[in-house]
Amino acid sequence: MTRTLMTTTALLAAIAGTAQAQTAPEVLETYADIAQAKYEDSLIAARVLRDAIGTLAEQPSAGALQAAREAWVEARVPYQQTEVYRFGNPIVDDWEGRVNAWPLDEGLIDYVEGDYAGPSDENQLAALNVIANPTFELSGEEIDASEITPALLQDTLHEVDGIEANVATGYHAIEFLLWGQDLNGHGDGAGDRPWTDYAQGDDCTGGNCDRRGAYLTAATDLLVSDLEWMAGQWAEDGAAREAVTEDERAGLSAILTGMGSLSYGEQAGERMRLGLMLNDPEEEHDCFSDNTHNSHYYDGLGIRNAYLADYVRIDGTRVSGPSLADLVAADDPALDAEMRQRLSETMMALGAIKTAAEAGFAYDEMLERGNAAGEALIMGGVDALVAQTRSIERIVAALDLGGVEMEGSDSLDDPSAVFQ
Amino acid sequence: MKRFGAIALSVCLAGPASADVDAALDRHILPGLDAFADAAAKLERETAEDCRAEALRPAWNAAFDAWTQIGDLRIGPSETGALSIAFWPDARGFTPRTLSRLVAESDPIVFDPAAYSDVSIAARGLYALEMLIHDPAFADYGRDSYGCALARAISSDLAGQAARLEQAWEEAFAETLRTAGAPDNAIYLDEDEAFRALYTQILSSLDFTAEQRLGRPMGEFDRPRPTRAEAWRSGRSLRNAVLAVDAAHALAKVLADWPLPETDAAVARVHEAAAHIDDPSFQDLTNPQGRLRAEVLQQAVRGVRASLETETGARLGITPGFNSRDGD
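Those protein sequences? They're chains W and Y, same order as listed.
Position 22 of the first sequence, counting from 1, maps to 25 under the numbering used here, and the rest follow consecutively.
Position 18 of the second sequence, counting from 1, maps to 19 under the numbering used here, and the rest follow consecutively.
Bound conformation, chain W alone (with noise of 0.2 Å):
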């Protein structure tokens, strides 16, 4: 206790700027700015995205996907290094579903073939195939879909008959329809859908071509208008920054409270271990593409530059500022020092699955059963986001952030929602 009362005395100080170099309002205005400067990167790549999935709906051709698929790899960088200012932010988590929802029973949206598991006490709409059917039932009552708009996709697909594996929208359908089905189970190669499912006439294959290219081109435009959105909330009288801005405890609290459970209940849980001890290679985060381990090391070095106060944006200029690490550091600076160390770990672990994957090892063969390799790799990432949690509560103790009511994921909030 006495150690405790003592950094939380000097901190309070330090909150209070009275001695030190950066005070929280300082602290707090970094961490918007880099939000802002996360969700613009998001959104210029959004753009970028867009532009390629036109030319593939207009043109198509096998570089004409490709292109595509390249862009939309590239639009994950920045996306997921935004992920840590989820579950503080209620702004961010009432909306994150909209861009980022996953798992998905993606055949609401296509044709599925394989062992995909249909319509299901769950979900009986899991095959539903909206791009083959202009019109469907639902609750009793007759859906005209036969203009694929993005209204269509949020307001009457997404997460339709409240269940959150509908997933209409955002980068998940979207890499549904780049890629389609992963049907090499733990083989080798990801999604691996013909250019020719877009194409037109004779040539079409999969079936709807013109619609399939409408509903991608429609989840996309939707895309960005999310994102411009979001990064609207974090501009100059933007909703989210005034949130984080207006209290300072309460805006420490959502960096800590973001890290904490980024790095503990979600990654480390539902995304690596609970996928791993499924042993499912759709248990992925990106299990359309294969991109699994880029979108678990960024959400990693997301929440490392939540602390650090250090951003690298998409065009290379960076984005720094006073950190809630120059807090800790003025009054602790033991504490500090052990959360960077676990904070870099993190990076190594996540770096390692990383390297592992680009050399041919992909995550969804990591997931097998029996894969000793691929477990270890897992659960080395897993073993160093818990750790660092450790870390993250030790310095919300050690900042005594009492009395602050915060607003969790949607896990607890919506219990529905849960395993999402």
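Just so you know, these hints were derived from the structure itself, not from any lab.
Fair warning: this is a prediction, and the values are worked out from it, not measured in the lab.
Incorrect hints may have been included.
[Claimed, not checked] Here are the computed distance ranges between Cβ atoms for each label pair:
#1 Y/Glu-171 to W/Gly-143: 54 to 60 Å
#2 W/Gly-363 to Y/Glu-55: 47 to 53 Å
#3 W/Gly-121 to Y/Asp-141: 51 to 57 Å
#4 Y/Arg-179 to W/Leu-186: 36 to 42 Å
#5 Y/Gln-168 to W/Ala-242: 37 to 43 Å
#6 Y/Gly-236 to W/Ser-323: 56 to 62 Å
#7 W/Glu-239 to Y/Ala-24: 41 to 47 Å
#8 W/Pro-197 to Y/Pro-289: 49 to 55 Å
#9 W/Thr-58 to Y/Ala-115: 50 to 56 Å
#10 Y/Glu-171 to W/Glu-239: 56 to 62 Å
#11 W/Gly-121 to Y/Glu-55: 29 to 35 Å
#12 Y/Leu-31 to W/Arg-321: 50 to 56 Å
[What the hints assert, rightly or not] Some chain W residues near chain Y, calculated using beta-carbon distances under 8 Å:
#13 Asp-158
#14 Gly-165
#15 Arg-214
#16 Ser-264
#17 Gly-373
#18 Ala-376
Heads up, the beta-carbon is just placed ideally off N, CA and C, and yes, glycines get one too.
Using the hints, position chain Y against chain W.
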């Protein structure tokens, strides 16, 4: 939902009261793990004798009862270990799919007891066995069928897991909690951290009961989801919720060596609310009366959480840590 909880500015009102991590281990956690290991071993023996669904149900129920007393702990060896004993909720239907695949392929892994631990957690543990011995799609297997071998494999694997879990706590992790603050303890740097770890487990368990065990089947008012109830096939849904609250209460009482009158009263309200529930598997949530009673029960469970925070964490000025089941 708050994450660190309502912390209050009560730092250092602790006074003479102190949290008793040793008592929590010696009087609740370790005996609970031992009882679960015994119950799982008994289930394994009974399965070896008669593997058929009907014959297994009593021993399976006893094992599940034992599990509820320590099942919501998600620290140390239980952090990973609990997942392969109790994989739930299963929103995407992994358990029926994985069991169906094993049966359809007559996967020979069920004949190799040691290797079964490599199988997906969806086909291991208490819930996989529940599906196998209660769901009509699986439960009518005969003595010499593949289903019988599958039941044996799951039971043996479960008994092995229960024994290893107990051992891991007994031989290592209990000591880690007891020696919080010792120079060579890299996990818990002071006694507050060990208290916080256990305190977080108690609150997380109550959250899980309110929001998952009860909240999942309740769904939305106009769209209840009774088949999302925990263990509804075996009629254990209500029982699990009440036993989990009792376990959280019991652990809190040994962890805090001072009286918890508000918490005791809140737990009594949980029992009262539970007594009014007609269907132990929550399948009556589709009628307004059933739903209302479930809502009363859910509020009562949240009330236990609130009382506990006031009477334990806030009193010591300690806030809960992050919850391992806090993903989205």
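Okay, the hints, checked on the actual structure:
no.: 1; hint: Y/Glu-171 to W/Gly-143: 54 to 60 Å; result: holds, 57 Å
no.: 2; hint: W/Gly-363 to Y/Glu-55: 47 to 53 Å; result: holds, 50 Å
no.: 3; hint: W/Gly-121 to Y/Asp-141: 51 to 57 Å; result: violated, 24 Å
no.: 4; hint: Y/Arg-179 to W/Leu-186: 36 to 42 Å; result: violated, 51 Å
no.: 5; hint: Y/Gln-168 to W/Ala-242: 37 to 43 Å; result: violated, 52 Å
no.: 6; hint: Y/Gly-236 to W/Ser-323: 56 to 62 Å; result: holds, 58 Å
no.: 7; hint: W/Glu-239 to Y/Ala-24: 41 to 47 Å; result: violated, 55 Å
no.: 8; hint: W/Pro-197 to Y/Pro-289: 49 to 55 Å; result: holds, 52 Å
no.: 9; hint: W/Thr-58 to Y/Ala-115: 50 to 56 Å; result: holds, 55 Å
no.: 10; hint: Y/Glu-171 to W/Glu-239: 56 to 62 Å; result: holds, 58 Å
no.: 11; hint: W/Gly-121 to Y/Glu-55: 29 to 35 Å; result: holds, 31 Å
no.: 12; hint: Y/Leu-31 to W/Arg-321: 50 to 56 Å; result: holds, 52 Å
no.: 13; hint: Asp-158; result: violated, 17 Å
no.: 14; hint: Gly-165; result: holds, 5 Å
no.: 15; hint: Arg-214; result: violated, 27 Å
no.: 16; hint: Ser-264; result: holds, 5 Å
no.: 17; hint: Gly-373; result: holds, 4 Å
no.: 18; hint: Ala-376; result: violated, 14 Å
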